[in-house]
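Chains Z and G, in that order, give the protein sequences. Note that the first sequence covers residues 0 to 275 in the working numbering. Note that the second sequence covers residues 5 to 345 in the working numbering.
Possibly wrong hints are sitting among the right ones.
Simulated crosslink set (EDC-like; lysine to aspartate or glutamate; CA at most 20 Å straight-line) [what the hints assert, rightly or not]:
#, chain 1, residue 1, chain 2, residue 2
1, Z, LYS56, Z, ASP238
2, Z, LYS56, Z, ASP217
3, G, LYS112, G, ASP50
4, G, LYS112, G, ASP290
5, G, LYS52, Z, ASP238
6, G, LYS52, Z, GLU166
7, G, LYS52, Z, ASP217
A few chain Z residues that don't get close to chain G, going by computed Cβ distances all over 12 Å [what the hints assert, rightly or not]:
#, residue
8, GLY30
9, PRO46
10, LEU51
11, LYS56
12, PHE58
13, ILE72
14, THR178
15, ASP205
16, VAL265
No lab work stands behind these hints: they were computed from the structure. Even glycine gets a Cβ: it sits at the ideal position worked out from N, Cα and C.
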Amino acid sequence: MTRRPGFLVYGLLAAFLAGSAFPLYWSFVIGSVTRQRTVQTPLPLVPGGHFLENAGKVFDRIDFWSALANSVIISGVSALSVVLFCTLAGYAFAKLRFRGSNALLVVVIITMAVPPQLALIPLLRQFSNLGLTGTHFAVALPWLVTAFGVFFMRQYLVDAIPDELLEAARVDGCSMIRTFWTVAVPAARPAMAILALFTFMQAWTDFMWPLVILQGSDVQTLQTALDQLKIASGQGYSDMALLQAGTILATVPLLLLFIATGRQLVSGIMQGAVKG
Amino acid sequence: MTDKVSATVGAAGHPAAPAVAPTPQPSENGRSASRVPLRRRLDRWDRKVSPYLYVLPFFLVFGLIGFFPMAYTGYLSFFSWPRFSAEHGESVGWANYIHVLQDPVFAKALVNTLGIFLLSSSTQIIVATVIAALLNTGLRGRTWWRMGVILPFVVAPAAAALIFGSLFADNAGLLNEMLNAVGLSGVDWHANRPASWLAIATMVNWRWTGYNTLILLAAMVAIPRALYEASVIDGAGPVRQFFSVTLPSIRPTMLFVIITSTIGGLQIFTEPRLFDTNLQHQGGADYQYLTLTMYIFNTANSSTDPYPRAAAASWILVLIIVAFALLNFLVTRAVHRRNQI
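Using the sequences plus the hints, can you model the full thing?
Dropping the structure here:
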């Protein structure tokens with residue numbers, strides 16, 4: 000639009016952002032005061048000096064570092080696997096002609112609407128029969144290749160690779176997989192980065208599946224560890240300072256990732272919207 | 005760009021080195037007479053089979069964790085399966101479905117889920133549309149504003165639930181303290197049914213409004229400027245522009261946002277589970293914020309026929325989701341038609 004926005008627009012947006020950021024600030028405030036202080040009125044509005052103390056209590060109650068390591072491993076493996084397999088499949092759907100490709104793509108899209116709860120019970124039984132509950136593999140399995148990823152890469156690659164280029168590779172005698180590595184992968188790189196970031200975040204924040212599959216196991220992710228911390232903090236959130244310190248500790252890694260890659264995240268969401 | 009890539013292709017696609025194909029390569033000693041036809045045959049085979057190999061991993065994983073378990077869930081829902089028994093028992097027809105549908109707790113969970121879903125989806129979409137319109141006004145430092153909007157998205161639902169659990173605590177919660185400060189009495193955010201829905205809807209909205217804002221913003225950025233210029237000539241102000249140009253232009257994206265938030269909203273689990281301060285996680289003393297997904301989860305851990313009943317409840321949930329998605333689609337299309345006349 001031609002005219003520059005006025006103070007009202009900036010003011011409203013600033014208020015919205017302040018409201019968005021406030022819960023995180025509040026969590027840090029409560030996580031940095033003593034347990035007694037969290038139930039005294041008026042409630043604290045500025046951080047206190049007890050964060051490390053509360054964090055220490057978090058480390059006593061749950062195995063935070065192992066949960067962090069598990070989350071990093073599971074999300075990292077998921078991101079790598081999704082990027083590899085979804086780029087392959089997306090490339091096939093976007094650029095290769097094969098019998099049944101349209102029907103298969105429709106199947107991929109439909110699976111996006113399937114609620115994961117439907118598969119929960121048989122999967123849980125299957126995994127416990129195979130002795131796989133409580134393993135990293137079990138947590139990562141649903142994230143190894145996703146319908147969203149296939150569709151996202153397909154939409155990107157349709158326009159990103161000129162057909163003449165593939166034709167040229169073929170004339171040069173490239174095998175299919177070599178054409179994929181030398182033509183498709185370089186062209187797909189920006190979308191691959193966004194997909195990796197997205198998958199990492201989704202696998203990281205997932206709660207229900209790890210909760211089910213890791214029940215009663217030593218292996219926990221950061222999210223299920225928070226559930227344990229809640230249980231450890233007692234009936235009725237009785238130690239709110241402990242709980243918020245744990246929440247902040249569990250959130251910091253993704254906040255750092257956000258600071259490093261927020262730009263890509265924004266463009267990824269917006270690109271996915273236009274293309275999808 | 006094109007030059008660079010084709011240069012890469014030229015170098016890498018040297019005929020002497022077609023090494024990394026997944027297909028068997030002609031062996032060194034088979035190089036003599038049959039070499040060329042074999043090569044060509046392999047090449048044809050490569051071209052035919054490779055696409056299927058590339059899409060295979062998705063269908064394998066989906067089959068393993070999606071399709072077969074789903075079908076098995078459907079099968080299981082027609083049997084009895086006593087707790088701790090190794091295999092399922094006899095067929096019971098529709099009894100599990102009837103049990104679930106007659107269960108007053110299920111009815112409560114259904115109403116709760118719909119209540120939370122309506123409170124969250126409607127607010128989310130209205131606020132996201134307004135914020136997107138504000139972001140689409142040629143701001144200075146627009147990337148920063150956009151990043152700021154999705155900040156809550158990086159906070160995991162589990163963490164968000166605990167943070168809002170503190171804000172909405174019945175005793176010593178910040179919201180109740182603020183209500184007291186202006187002379188109102190505090191709200192029992194957990195015990196009061198609509199209040200608990202509002203609290204849970206708020207944490208969902210906190211996390212998802214920014215995300216939907218960016219999706220709607222992307223649609224708004226794509227609206228041709230000429231439409232706005234024409235509306236200015238017609239004497240439209242910013243508000244009029246919003247209703248007559250922006251909203252109609254983003255309708256397809258709006259439908260997408262509504263449908264995805266419907267699917268997500270009806271499956272809500274993490275927020276109500278962690279909002280529950282009671283360690284039994286039954287969704288409140290009187291099931292006031294038990295959701296359908298929590299009901300499935302709890303049923304699978306219950307005493308009589310846990311798996312078949314949870315399976316039946318899962319399929320009922322899916323049918324509800326499908327019905328809502330269809331309803332959204334039909335309503336949006338009807339509105340679209342009416343506006344075109």
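Consistency of the hints with the structure:
| no. | hint | in the structure |
| --- | --- | --- |
| 1 | Z:LYS56 - Z:ASP238 | holds, 11 Å |
| 2 | Z:LYS56 - Z:ASP217 | holds, 19 Å |
| 3 | G:LYS112 - G:ASP50 | violated, 57 Å |
| 4 | G:LYS112 - G:ASP290 | holds, 9 Å |
| 5 | G:LYS52 - Z:ASP238 | violated, 62 Å |
| 6 | G:LYS52 - Z:GLU166 | holds, 16 Å |
| 7 | G:LYS52 - Z:ASP217 | violated, 46 Å |
| 8 | GLY30 | violated, 9 Å |
| 9 | PRO46 | holds, 14 Å |
| 10 | LEU51 | holds, 19 Å |
| 11 | LYS56 | holds, 15 Å |
| 12 | PHE58 | holds, 17 Å |
| 13 | ILE72 | holds, 17 Å |
| 14 | THR178 | violated, 7 Å |
| 15 | ASP205 | violated, 8 Å |
| 16 | VAL265 | violated, 5 Å |
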